[in-house]
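Peer 1: What follows is each chain in one-letter form.
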Amino acid sequence: MDSIQLLFDAPILSVQLLLDGLLIGAIFALAAYGMALVWGVMNLINIAQGEFVMLGGYVAFFLAQAGVHPLFGVPLAAVVLFVLGWMLYRAVIFRVVDKDLFISLLATFGLSILLQQLANEVFGADVRTAESGFGTLFLFDGMVTVAWIKVVAFVAALLAGGLLMLFLKKSRLGRAIRATAQNARAARIMGIDTNRVYAATYSLNAAICGAAGALVAMTWIIHPYLGLPYTARAFMIVVVAGLGNIAAVFTAALGLGAAENFAGFIMGAEYQAGFVFALLVVILIVRNAWLHRKRRYLQ
Amino acid sequence: MLNTGRNIIPVALMVIVLVLAAAGSAHAKVEGDTIVLGAAVSLTGKYSTNGKNTQDGYELAVKRIDEMGGIKVAGKAYKLKIIYYDDESTPAHGAQLAERLISQDKVKFMLGPYSSGLTKAIAPVTEKYKIPMVEGNGASLSLFNKGYKYLFATLSTTEYYLKEAVNLAALEAKKQGKKASQLKVALAFENDPFSQDVRAGVVEDAKRHGMKIVIDDKLPPELNDMAATLTKVKALKPDLFLVSGHAKGAALAVRQTSAMKIDVPMIATTHCDSAKIAETLGAAAEYFLCASQWDRSLNYKDKWFGTAEDYAQRFEKEFNYAPPYQAAESTAAVLVYVDALQRAGSFDTKKVRDAIAATDMQTFYGNIKFDVTGKNIAKPMVLYQIQKGEYKVVAPTQWASSTLIHPRPKWSER
Amino acid sequence: MSTPIMRTLFYASVVLLALAAPLLAPAFKTQMAFLWVMIVFALSWDILGGQMGYNSFGNILFFGVGMYACAIVQRDSGLDYFPALYVGMVTGAMVAVGFAAVLGSGMLGLRGHYFAIGTLGLGIAAGEFASGWDYIGAGSGLLTPLFPGEIGGRETFFYYLMFAIAAMTFPVLRWLYAGRFGLTINAIRDDEDKAEAMGIHTTLYKTAAWCTSAFFLGLTGAVVGNMIGFIDPRDVAFTGATYGVWMILMAILGGKGTLWGPVIGAVVFHVTQQLFWTYLLGWQRVALGLLIVIIVVFFPLGILGWARERWPERFGHKVQQDLKPVQGGK
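Chains as they are written, first to last, in the numbering used here: chain A, 1 to 299; chain B, 1001 to 1414; chain C, 2001 to 2330.
Hints are not guaranteed to be accurate.
[Claimed, not checked] Lysine-lysine pairs mimicking DSS-like chemistry, simulated, CA-CA at most 25 Å apart: (1) A:K99 - C:K2194; (2) B:K1079 - B:K1106; (3) B:K1149 - B:K1130; (4) B:K1392 - B:K1301; (5) A:K294 - C:K2194.
[To be verified] Derived DEER-like restraints, expressed as beta-carbon distance ranges: (6) C:D2080 - A:M267: 36 to 42 Å; (7) C:Y2081 - B:K1317: 48 to 54 Å; (8) C:A2178 - A:M165: 38 to 44 Å; (9) B:G1345 - C:T2008: 55 to 61 Å; (10) C:P2145 - B:G1306: 43 to 49 Å; (11) C:G2199 - A:K169: 21 to 27 Å; (12) A:G135 - B:K1178: 29 to 35 Å; (13) C:T2156 - B:N1299: 48 to 54 Å; (14) B:K1317 - C:D2080: 53 to 59 Å; (15) A:R90 - B:G1306: 54 to 60 Å; (16) B:K1317 - A:G67: 23 to 29 Å; (17) A:G135 - C:P2145: 53 to 59 Å; (18) C:P2145 - B:N1299: 44 to 50 Å.
[Said to hold, decoys possible] Residues on chain A that point at chain C, a partial pick, calculated with CB under 10 Å: (19) V92; (20) N120; (21) L279.
Note that these hints are calculated values from the structure, not bench results. A virtual CB, placed ideally from N, CA and C, is assigned to each residue, including glycine.
Take these sequences, add in the hints, and give me the full structure.
Peer 2: And the structure:
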C-alpha cells in the first residue's frame, strides 16, 4: 500500500488525480447523455455507443490529416455521426425498437462488432491521434498539470448537457421526444410521428457520442477497439443517475472518472478496468437490495 | 413428441459437417513445384497492424524468391506458397488454426504468428507434430526454456529489448559522477506475455546495477489512459522510466508525458516505430528511446535483397509504407527456410529441422545463428533515440549513427 | 411415427455417427471437438436464458473458473497426467458451482436487462482480476501440461472426452426439464411474482439452475483449457466477447427455450463460423457481426421457433384448418 502512503505524503497528488478524473468523467458524461436518452425514450440499450465514440474520433483524425484543426472535428463528427445514426435506425434499429429489450441488446451488440471490424478493415488497427496543439495548464507552481484540451472537453461536455436540456425543454422536437418517452401510444394518438422521434433520438445520441470521440482523439489515442469501456461506463452512469436527469448523469460521470483514477493509482493500473466492472456489479446489487426493502426491484 | 420431421434436421446437419470435413483435406506439403508453408497471422483484432506487417514480410520474401528462380532442393527448383489463417489476435484460435494447417492442409513447415502470446499457444502444437516453426515475432524468453526442439526465432528475445537502455542509464550516471545504484527506475509494462517477459529482463538488469525500482505498474491491454501511472511517475521522479505495451502503450506514453509535462531524464519504450510516434506525435516524441530489432541504416547484407536499405526500398515500393522491424524479421524467417531447405536437399521434416538448427547465415536483417534452445544469438538489438523527428541509432556503439542526448531537456527549457 | 423405437433408433444413430466421426474425418477432430463444446455452451446457456428467462451475458465466468481450477490442480497436485486431469475436471466443475451458488443469491435478484448487464460486468471483471493475479500466471497466461502419448492421440482423446460431456449434458437437461424443476423454472420465466406467490421458493430454484449451468461450463472449461494448451486470462478463459456471446447467439439461432434448439443452433453456427474462417480471410468478423444482426432482427425466434410457426402440425400442435362449420343450432 505504498501508493496510499504516497497520497498522504504528497496531498497535491490527490488534486492531480481528482482533476484528471473529473475531466475524464466529462467525456464519459457525453456518452452517457446519449445512452440515457435512447434508453429512456426508445427503451433500448445501445451497445454500439462506444463505437460511435470511436468513429467520431476518426472524423477528427482525418480532419487533422487534411490540415484542418481537429477541434472543428467536434461539430463535424456530430454531423457525420448524426447521419450514420439515422441510417442505422432506418436499416436496423427500427425493426427491434419495440421488441424485447434483450433482442435489441443483441442487435446493437452485433452492430458494435460490425462497426468495429469495418473500422479495422477500412482505417487499419493503427493507433491514431489528432494533435490539438493546445499545450498544458500549470497549477500550483507546476505541481499539477492539466492538458488544456481536457479542459476544453470538460467545457464542451457541460455545454452539450446544457444545450441538450434546453433542446428537450423548449424545442418542438424536444417536446415530442419527451412526450414519446412518457407514453409512446398516447403520443401517437396526439399526432406525433413516433417513428421520426425515435430516429431523431437515436441519431442525436450518435451525434453526441461522435463529438465525444473527436475530443478523445485529441486527448488520448484512438483505435478500432476502444468502444466497450465507453459503453460499459455510460451504462453504469445511467444506472446510477437514472434515466430522466441530465444533471445527475453529469455528476455521476464525474464521480466515476475520479473513482476510477484513484483506483488505478492505488490498486495499480492492471486492476483499473476490473475495478470499473466490479463496481458495476456492486452498484447493481446494492441498488437492487435497497429497492428490495420495499419489495420492488430494478425494472 | 418426437417425430421424424425433427429427427432429420440434426442428422442432416451432422452429415453436412462430415462432408465438409472430408472435402477440405486436399492440400499436401509440396504441390508439384510449390513448397507450401503455413502461418496463422493476426489480420483482425488488437495485433492486426503488426499482423499485417508480418504477412507483408512473408509475402515479400516469397515474391523475391520466385523472382530469383525459386529454391533449389535436390536439383529441382521450387516456388514458395504460404497458406494463411486469421487468428484474430487470440491464442484460443491460434492453436486451433495451427492444427488445421498441419492436419488438414498438411503443411510441413510453419512460419510464426505475430506476438509472443500467439507463439506460446502454437509452439506446443508444432512441437507435438514435430513440424519445424521458424518465427520472427515471438520474443518471450519463456518460449525458449521449455525445451522445444522445433521452434526457431530470428529475433532477439525479450531480455534484450530494454537491456541497452538500462545499461545506458548506468553509464550516464557514472559519467556524471553518480553511482548506478543511486538511480531510481519506474516500470510500466503491459500485462501480456511479451511485455511481462521484457519486464523480467529489465528487473534482472536493474538488480545487477543495484538500481531501485520505485514504480512497477502493469498496464491493462485495453489501455486507454495512463494518467494514474504517470501521476506516480511525477511524484516519485525516477531517473529512468521504461514502458512496454505494444503500439498503444508507446503512443500513450509519449502523448501523456508531454501533456502532463513529466520530466524524466530518460524514457525508453518498445514498439515506437510501429506506433509511428516520431511521425505523428512530433515534438512530444523528442528524446524518447526506442528498442528495435532492426533498422534500415544498419550495414547488413545478403544475396537476396542486398543491403538493409535496399530491402527497405523494395518493401516501400511493394506495400507503400516503410518496413517496421516486424516485417524485416518475418522476411528473415522465410529466408531461414530457403537456406535450410537448400542445405537439407530434402523435404523430410527431421532433416529440415536439423538444417535449420545448423543455420549460420548473413541476411539484410542481421546474422542468424540459433543456440540449442532455438533463439537467434547472432544479432543485437538496437536502441533509437528520436532526435529532431528522426529515429537515430544511439546504441550499441558500433552501430550508432548519433550520440545520445542525456538527460532529456526539461519541458520548461524546450 | 413417433414411437419409442423410432426415438431410440434416432438417438442411437446420432451416437454412432458421433463415435465414428473421428474415423471418418480424422483431420477434423479438433474442430468437431469444438462442435461439442459449442453444443454444451448453447445448452447450458439455455437453462437460464431460454427456460428461466434470465439472459446471462456472464456465463463465461464459470467456463474460465473451471479452466483455471483444473489447470492449477494439474500444475500443483503432482499427480500423473490422467489422474490430475480428472481430478482437475471435477475440481473445476465444483469450483464453478461454488461461484454460481455464492454469486447466485445477489445476482439473481436482478431482473431483465439489469441481470444481463450485471453478468456482463461479472464476466469482464473476472477476466481483469485473473490477469492481475500472479498465482495463476497473471497476464502472461498459464500453460497446461503436455499430453503424453502418440501424435493424434491427444485430439482423439479430447474429442471423445468432449463428446462424453455433451452426451451427458443433453439427457440430464432433458430429464430436468421434464420434471418439477423444468416446470418451476418455466413458471419463473412466465411470471416470477406469481410463481413466488404460489409458494415456489424462487431464489432456491434460480440458484440451482445457475449451478447446473455452471457445472457443465466448468467441466467444459477444464477440458478446453487442455485442448488449447495455453490459458490466457482474457483471450482463452474469460472470453466474454467471443464464446460468451456465441453461446447466446447459438441458443437464439436454434430457438431458445427448446431442448433441440440450442443443439441445432450450435451446429449451424459452428459450421458457418468455420466456413467464414476459411473463405473470408480477415473479413470473418465483419460477417459475424452482420450475422448477429440478421439473426436477432429477422429470426428472433430461432430456427426451431420459425419452423414451429411454419409447420405447427409437425410439432404436435393441432391445426384446425378445415373445420366444418357447425351446422345450425337446433
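Peer 1: Just to be sure I understand the hint, the distance between the Cβ atoms of T2156 (chain C) and N1299 (chain B) should be within 48 to 54 Å; is that true here?
Peer 2: holds (53 Å)
Peer 1: Tell me if the interface restraint on L279 (chain A) is satisfied: Cβ within less than 10 Å of some Cβ in chain C.
Peer 2: Since chain C brings a Cβ to about 8 Å from L279 (chain A), closer than 10 Å, the hint holds.
Peer 1: For G135 (chain A) and P2145 (chain C), compare the CB-CB distance with the range 53 to 59 Å and indicate the outcome.
Peer 2: Holds: the Cβ-Cβ distance is about 56 Å, inside 53 to 59 Å.
Peer 1: Does K1106 (chain B) sit within 25 Å of K1079 (chain B), going by the straight-line distance between their CA atoms?
Peer 2: holds (17 Å)
Peer 1: Note whether the CB distance of P2145 (chain C) and G1306 (chain B) lies within 43 to 49 Å or breaks it.
Peer 2: Roughly 47 Å apart at Cβ, these two residues keep to the hinted range, so it holds.
Peer 1: Looking only at beta-carbon atoms, does the pair A2178 (chain C), M165 (chain A) fall within the given range of 38 to 44 Å?
Peer 2: Violated, since A2178 (chain C) and M165 (chain A) (Cβ atoms, about 56 Å apart) do not stay within the stated range.
Peer 1: Are the Cα positions of K1149 (chain B) and K1130 (chain B) separated by 25 Å at most?
Peer 2: It holds: about 8 Å lies between the C-alpha atoms, which stays within 25 Å.
Peer 1: 21 to 27 Å was suggested as the range; check whether the CB atoms of G2199 (chain C) and K169 (chain A) agree with it.
Peer 2: At 49 Å between Cβs, range violated.
Peer 1: Keeping to a limit of 25 Å between CA atoms, is the pair of K99 (chain A) and K2194 (chain C) held or broken?
Peer 2: holds (23 Å)
Peer 1: CA of K294 (chain A) to CA of K2194 (chain C), is that 25 Å or under?
Peer 2: holds (17 Å)
Peer 1: Taking the CB of P2145 (chain C) and the CB of N1299 (chain B), does the distance hold inside 44 to 50 Å?
Peer 2: holds (46 Å)
Peer 1: Look at the Cβ atoms of D2080 (chain C) and M267 (chain A) and judge whether their distance stays inside 36 to 42 Å.
Peer 2: holds (39 Å)
In terms of the numbered hints stated before, the structure departs from hints 8, 11, listed from lowest to highest.
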